[in-house]
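So the protein sequences, as listed, match chains A and B.
My numbering applies: residue 49 is where the first sequence begins, and numbers increase by one.
My numbering applies: residue 78 is where the second sequence begins, and numbers increase by one.
Think of the hints as simulated: they come from the structure by calculation, not from any bench.
All values reported here derive from a predicted model rather than from experimental measurement.
Some clues are possibly wrong.
Where chain B lies over chain A, by a calculated footprint (3+ residues, C-beta under 8 Å) [to be verified]:
(1) 91-104
(2) 324-335
(3) 376-384
The following residues of chain B were derived to be distant from chain A, with all beta-carbon distances above 10 Å [to be verified]:
(4) T83
(5) I112
(6) L150
(7) W166
(8) P171
(9) L206
(10) I290
(11) L355
Ideal Cβ positions, reconstructed from N, Cα and C, are used throughout, including at glycine.
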Amino acid sequence: MTALFKSARTWAPLLGIALVAIALLVIAPSVLSPFRLNNLGKYICWAIAGVGIGLAWGRGGMLVMGQGVFFGLGGYAMAMHLKLEAAMATGGPDAIPDFMVLYGDGTMPGWWEPFRSGPFTLVAIVVLPALAATILGWAIFKRRVKGAYFAILTQALAVAFATLLIATIQQTGGFNGLNQFTVFFGYNLYDPANKKMIYSIAATVLIVCLVVVWQLYRSRFGELLVATRDAEERVRFLGHDPANIKLVAFVVAAIMASIGGALFAPITGIISPSDVDATASIFLIAGVALGGRALLLGPALGALAVGYGQTMLSESFPDQWTYFLGALFVVVILFAPSGLFSLLPRAWRAASGLIGSRRVQEPTTPQPQQEVPA
Amino acid sequence: MDAFTTPLLAGTAAGALLLIAALGLALTFGQMGVINMAHGEFLMAGAYTTFLTQQVVTNSNISILIALPAAFLVAGVLGLILEATVISWMYRRPLDTLLVTVGVALLLQQLAKDIFGAQGDPVETPGWLDGNIDVLGYHWPYRQMFTILLALACLAALGALLKYTSYGRQIRATVQNRDLAETMGVATRTIDRVTFFVGSGLAGIGGVAVSLISGTNPNLGTTYIISAFLVVVAGGLGQLRGTVIAAFAVGIVTAFFTDWFSSSMAQVLTFALVVVFLQIRPQGLFTVRTRGLA
Numbered sequence: 049m050t051a052l053f054k055s056a057r058t059w060a061p062l063l064g065i066a067l068v069a070i071a072l073l074v075i076a077p078s079v080l081s082p083f084r085l086n087n088l089g090k091y092i093c094w095a096i097a098g099v100g101i102g103l104a105w106g107r108g109g110m111l112v113m114g115q116g117v118f119f120g121l122g123g124y125a126m127a128m129h130l131k132l133e134a135a136m137a138t139g140g141p142d143a144i145p146d147f148m149v150l151y152g153d154g155t156m157p158g159w160w161e162p163f164r165s166g167p168f169t170l171v172a173i174v175v176l177p178a179l180a181a182t183i184l185g186w187a188i189f190k191r192r193v194k195g196a197y198f199a200i201l202t203q204a205l206a207v208a209f210a211t212l213l214i215a216t217i218q219q220t221g222g223f224n225g226l227n228q229f230t231v232f233f234g235y236n237l238y239d240p241a242n243k244k245m246i247y248s249i250a251a252t253v254l255i256v257c258l259v260v261v262w263q264l265y266r267s268r269f270g271e272l273l274v275a276t277r278d279a280e281e282r283v284r285f286l287g288h289d290p291a292n293i294k295l296v297a298f299v300v301a302a303i304m305a306s307i308g309g310a311l312f313a314p315i316t317g318i319i320s321p322s323d324v325d326a327t328a329s330i331f332l333i334a335g336v337a338l339g340g341r342a343l344l345l346g347p348a349l350g351a352l353a354v355g356y357g358q359t360m361l362s363e364s365f366p367d368q369w370t371y372f373l374g375a376l377f378v379v380v381i382l383f384a385p386s387g388l389f390s391l392l393p394r395a396w397r398a399a400s401g402l403i404g405s406r407r408v409q410e411p412t413t414p415q416p417q418q419e420v421p422a
Numbered sequence: 078m079d080a081f082t083t084p085l086l087a088g089t090a091a092g093a094l095l096l097i098a099a100l101g102l103a104l105t106f107g108q109m110g111v112i113n114m115a116h117g118e119f120l121m122a123g124a125y126t127t128f129l130t131q132q133v134v135t136n137s138n139i140s141i142l143i144a145l146p147a148a149f150l151v152a153g154v155l156g157l158i159l160e161a162t163v164i165s166w167m168y169r170r171p172l173d174t175l176l177v178t179v180g181v182a183l184l185l186q187q188l189a190k191d192i193f194g195a196q197g198d199p200v201e202t203p204g205w206l207d208g209n210i211d212v213l214g215y216h217w218p219y220r221q222m223f224t225i226l227l228a229l230a231c232l233a234a235l236g237a238l239l240k241y242t243s244y245g246r247q248i249r250a251t252v253q254n255r256d257l258a259e260t261m262g263v264a265t266r267t268i269d270r271v272t273f274f275v276g277s278g279l280a281g282i283g284g285v286a287v288s289l290i291s292g293t294n295p296n297l298g299t300t301y302i303i304s305a306f307l308v309v310v311a312g313g314l315g316q317l318r319g320t321v322i323a324a325f326a327v328g329i330v331t332a333f334f335t336d337w338f339s340s341s342m343a344q345v346l347t348f349a350l351v352v353v354f355l356q357i358r359p360q361g362l363f364t365v366r367t368r369g370l371a
């Protein structure tokens, strides 16, 4: 009986991931209209970034408030390639994006040049955020800067990043961002079949990310990460370097955010500073908080729900969305800090208690103590 | 000489503004470990109080003097409400207070948009602050000098409160060792409320100064909150002098970067500088020594 229970605990996550996979890859494409499917694709991009936030914040205790930066690194890398592809499709191999002629002096900055290559872009989408996160994470974690300090620094980074983008209109399209893509690695973006293909890619990537974090959580690394979150000093006393453990989680989270951003650009047809700034980063966190930061599926499902909620509410009450987002933060963090899905087992226990099955009360696990910076 | 005095003086004024905003943050963060992201919105509340006072008392020379205590009260009461309704539920969860107050900040911003409109409102500069003085080739506006004086006055008042009053003694005791202070009969929860009221009220006063420089705006808080937090991070907790030095340093350095490059580059460089600075002093400039491990 115990063995069965144990294996259920081990395989239940896989079942959950499989259900998500069936819902996103089989049911959704056959039920939803192309417009709604594309919307779902957009939420999936946020969910991919959310899975990374769950890893860094939920399991690692690092409140990453600037994931928009990494989302933007991937998004802009992809958008630059798509922009060049669109230009080259009409103007030959030396063509440059239209906005550079419009706002600039008609020349292209040298660092755009390599993004003409598709393979380079794909590599850059992974390597750029990994590099940025490693440098920043190294500088912050090695000096044992943590807690709120870390959160504030990441948010300041997001603010600076967006400001920089807005100011460099000749190089990055400024406030308008990059848009009007026509071709995606040779596939016409106006063809609904190709749009559907990109959706499937995004959904598959999300499933892969879920499998990756599932395995990470099961691994020794996952246990060390949780241990670091709950008692960093003790982990240090045991001979591990918490900085390295946190760095790995932070870098993986950054890469996931970047991939999410890279898929966001072709799905929505635009990437602009408002998709990557501090507010966008907070929006990403909202989904993770709602779904349950430390759960496996919580961050992804939460991000999907918040994305859906934003579309629905913005359609019916365009001005009230901010109220909902603000209230969501307050209510969720106050009353369900581990997320909505963590309430399900509790509700289940309450229900079974009503029916009358007497169970030994589970030992209450102590709340993860978040450290007050000295 | 102009290329040097302009950023120096303008930067000092910007630093003074940051100081007013950061004092309250450093106070609540240092004492309670509460990260109040809605602090910027208290600044905004102060700015709108100035605007409303001018609607009632049309003589701008007098209204600004009424606005100062009014803004302190409005922001302070907002802070008390926030403390009582939300934050008091989540002591010992400092990172969560950060997120909850982000939510509160969003609510207050939207509320300001709905009440006052998405566009900002202009605030009339009183006659006695309208004008400038020529300092080594820079026409230094009186408004900037006023901001600096205001910041110094706030600093002096807060310093006196902390040093000479019994409240101040109890606040310092709570910062240094909350449990021990409680054993000695300090009502730490009441002290927390006082701190929150004073800290938020200071933001309101900062809002008056902001409104004189840039008018009111629903998004005004977001402009200042991050810089103010960088000041707190760089300055260290628990002592005012760290905050003072860091505020003026950030203000002046940003002004020079803006002058040399651009305002957006200045933001990026200031951020990079703070990260580099934390490599040298990860706990900020000054910090209260504790024996805790965390």
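Exercise for the section: Against the structure, test the hints numbered earlier, and report the numbers of the ones violated in rising order. Expected result: 1, 5, 7, 8, 11
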